[in-house]
Amino acid sequence: MAEESTPWRNGVASLIAGLVIGSSAAIAGFAVAAVGPDSLFADPLAGKGSGSAIFLEPMKDQGPQSEVVLVKKATQALLTARVAPQRFPRDKKLADSFVRSSLAREVRSASVADAWVKSKASKKSLELESALEQFANDPTYLPFYDNRFVVSRWQGVSVQDGEAFVLLLGHQEYQNEDRSWQVDGDDQWQISLVLEDGAWKLSSVAAVATGGAR
Amino acid sequence: MISKLIEMSRNVALILLGATVGALIVVQATPTASFAAFPFNRANAAAYASKHACNNNERCRNASYVDLGDVDCTNFVSQALRAGGMTMKRTTSLVWWYDGMPGFFPWETNRSRSWSGVSDLRSFLISTDRGNYSYPLMSASTTPAAAGDIYMYDWGKGEGYSHMSVALGSGTFASYKDPKTGRFYSSVTSGYGSMMAQHSTDRDGAPWNWGFQTERDMGVRANMDTIVIRINPGAAN
Numbered sequence: 080m081a082e083e084s085t086p087w088r089n090g091v092a093s094l095i096a097g098l099v100i101g102s103s104a105a106i107a108g109f110a111v112a113a114v115g116p117d118s119l120f121a122d123p124l125a126g127k128g129s130g131s132a133i134f135l136e137p138m139k140d141q142g143p144q145s146e147v148v149l150v151k152k153a154t155q156a157l158l159t160a161r162v163a164p165q166r167f168p169r170d171k172k173l174a175d176s177f178v179r180s181s182l183a184r185e186v187r188s189a190s191v192a193d194a195w196v197k198s199k200a201s202k203k204s205l206e207l208e209s210a211l212e213q214f215a216n217d218p219t220y221l222p223f224y225d226n227r228f229v230v231s232r233w234q235g236v237s238v239q240d241g242e243a244f245v246l247l248l249g250h251q252e253y254q255n256e257d258r259s260w261q262v263d264g265d266d267q268w269q270i271s272l273v274l275e276d277g278a279w280k281l282s283s284v285a286a287v288a289t290g291g292a293r
Numbered sequence: 002m003i004s005k006l007i008e009m010s011r012n013v014a015l016i017l018l019g020a021t022v023g024a025l026i027v028v029q030a031t032p033t034a035s036f037a038a039f040p041f042n043r044a045n046a047a048a049y050a051s052k053h054a055c056n057n058n059e060r061c062r063n064a065s066y067v068d069l070g071d072v073d074c075t076n077f078v079s080q081a082l083r084a085g086g087m088t089m090k091r092t093t094s095l096v097w098w099y100d101g102m103p104g105f106f107p108w109e110t111n112r113s114r115s116w117s118g119v120s121d122l123r124s125f126l127i128s129t130d131r132g133n134y135s136y137p138l139m140s141a142s143t144t145p146a147a148a149g150d151i152y153m154y155d156w157g158k159g160e161g162y163s164h165m166s167v168a169l170g171s172g173t174f175a176s177y178k179d180p181k182t183g184r185f186y187s188s189v190t191s192g193y194g195s196m197m198a199q200h201s202t203d204r205d206g207a208p209w210n211w212g213f214q215t216e217r218d219m220g221v222r223a224n225m226d227t228i229v230i231r232i233n234p235g236a237a238n
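In the order they appear, the protein sequences are chains P and Y. Residue numbers in the first sequence follow the working numbering, run continuously in steps of one, and reach 293 at the last position. Residue numbers in the second sequence follow the working numbering, run continuously in steps of one, and reach 238 at the last position.
There could be a bad hint or two in this list.
To be verified - Label pairs and their calculated CB-CB ranges:
(1) P:PRO137 - Y:THR88: 38 to 44 Å
(2) Y:LYS52 - P:GLY235: 37 to 43 Å
(3) Y:ASP130 - P:LEU205: 38 to 44 Å
(4) Y:ARG91 - P:GLU242: 44 to 50 Å
(5) Y:PRO145 - P:PHE134: 30 to 36 Å
(6) P:GLY241 - Y:GLY86: 56 to 62 Å
Unchecked claim - When the alpha-carbon atoms are kept at most 20 Å apart in a straight line, the in silico SDA-like pairs for lysine to any residue are as follows:
(7) Y:LYS181 - P:LEU124
(8) Y:LYS178 - P:GLY264
(9) P:LYS280 - Y:GLY159
(10) P:LYS127 - Y:ASP121
(11) P:LYS203 - Y:LYS181
FYI, nobody ran anything at the bench for these hints, they're computed from the structure. These numbers were taken from a predicted model, which means no experiment stands behind them. Just so it is clear, CB atoms sit at the ideal spot from N, CA and C, and this is done for glycine as well.
Chain Y with its partners taken away, still in its complex shape:
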């Protein structure tokens, strides 16, 4: 009786040992979704953004990339991320890539949706842990965004988050009078604060919350929101 109990205990122990070893073998042999952390040079990303966005003028846009006219904001943000060293990703369901100019035929796509779509890029960055997000106070002069990070805007009119820009860090705003509003960038928060560069309406060295600052409809203003996406170079994906 005792010897049978001992034998049973030994077999249970061996089954547990086998299960542990088996599981370890499978886990070790299975490739994970992890990739090497990408290098990200914030200064390069911000310098690219600043170089290729001229205030209210599209002549500074980089001709090496496709120009999406007045819906070029996310294409431009992706270019800056690439200039900062973010690696493209072509495998799995979460991709972010650009392949030169589009082909002649409409099905010859040259980029992933996440390259030029606001919600798709946000989803890619957050889901792959390449970006962490936070909500700055809309009226604040400065935000937690460092150079090379991203601002994502909701204009508060029922469209949701529909625009992106590249954070340039903090400093003195560019000396520029916006023809639409007749206001100088320097008229906002004493001319100093977090800055951004953007495409669509091209801007450089503008207050990060220029759209908010120049919105006169208080109801719309109250609905406005921005998300800061901080690039996380240590991300595994």
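Same shape as in the complex, but just chain P:
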């Protein structure tokens, strides 16, 4: 009797062992999935975009007052100058050769070098030429003939050892063909500057839309 029941018992034991193994494996699988929700719910767009600048709280000016004044003056001029090389000539003949003329390209390159630190100038120049190629003949783009940067409110300047950080609310204004002006909405501009060869130059520029919308 005992001899006859052994294979039956072995079979049940094997089946139970299998059940334990299988269910354990399944539970372990769910556990792994549960502790790693990011792998289950991946967001492929996370971290994409032109940057991650956020709105910063206004700060008190730091550094010698005379240098703060100079940095403010330089900032406004540089924010105008960084866009100025895109001004279209009013003269039709000049406008036609504006993009492709090697002379115009050299002038633009010099203008960019006047606004940006040496380490960024050539990259900024290439970006400008690429943008000009892309948009100068784009019928959806409206060229402008003059521009100026307007500061609505200074939100803090920090100057130390030939470097400066500026926070301000302001906007760019562009002159249309009919000499009227397009006035952009205010952004919060976050600007890093470096004193190079005795002149303040742009090192980085980011702008955060104050209302999020255009």
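Given the structure of chain P, go ahead and fit chain Y onto it with the hints provided.
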């Protein structure tokens, strides 16, 4: 010897059978993250967006919802999704919900971060498969977005994706002159194309890429980007 081999084979087979049955029992008994597909009425979502966004005027905003002033874009998009029938989700780490007006105390929150935050809503929609995304050409007059879908904008100035609007489908742009730029919506792409409604600077029937069209700084323009998030009503989550 042979009988032992037969017995061993039978036991292995029984273990495999048991493992399969065991795994099946666990899988069947475990609740998955799936929920019923939500109904989504695109026309309702777009109609809501159009009704509650007046060009450059906040008087059309729905007073039943909290008004976040000049950072109201995603709150407004969520309202439109809700009007379209998207179901709220309050469980698991991926949530999207709104609970009426905020309480008196600051900790009495009335909404999930995904209700009013650009990156949080995007993350919720994409991660739960409620939305699929694509990149339209910025200068194109039309996009793959249907009414009720979402546009997510990167203004190209170093902030990343920071704004959302509701797609209204394609048609003739609203007859409106934007006071900031002095331009009519109709001056863009012959007055026809994909349209949007948005809050923050409130707009209705505007070209989907109005910010791009009116940007004069070519460097910034080259950096601009938009993602279309197509709402996927068949999503399981």
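Verification of the hints:
Checked against the hint of 38 to 44 Å, the pair P:PRO137 and Y:THR88 passes, with Cβ atoms roughly 41 Å apart. Distance hint check: the CB atoms of Y:LYS52 and P:GLY235 are about 42 Å apart, consistent with the given range 37 to 43 Å. One distance hint, 38 to 44 Å for the beta-carbon pair Y:ASP130 and P:LEU205, holds here, with the actual separation near 40 Å. Between Y:ARG91 and P:GLU242 the CB atoms are about 48 Å apart, so this pair conforms to the stated range of 44 to 50 Å.
For the pair Y:PRO145 and P:PHE134, the beta carbons lie near 32 Å from each other, so the given range of 30 to 36 Å is met. The hinted range of 56 to 62 Å is satisfied by P:GLY241 and Y:GLY86, whose Cβ atoms lie roughly 59 Å apart. This hinted pair does not check out: Y:LYS181 and P:LEU124 have alpha carbons roughly 31 Å apart, beyond 20 Å. A distance of roughly 16 Å separates the Cα atoms of Y:LYS178 and P:GLY264; the hinted pair therefore holds under the 20 Å criterion.
Straight-line distance between C-alpha atoms of P:LYS280 and Y:GLY159 comes to about 19 Å, which keeps the hinted pair within the 20 Å bound. Among the hinted pairs, P:LYS127 with Y:ASP121 is consistent with the structure: their alpha-carbon atoms are about 13 Å apart, no more than 20 Å. Distance hint between P:LYS203 and Y:LYS181 is unfulfilled; the C-alpha atoms sit about 28 Å from each other, more than 20 Å.
When each numbered hint is compared with the structure, violations occur for hints 7 and 11.
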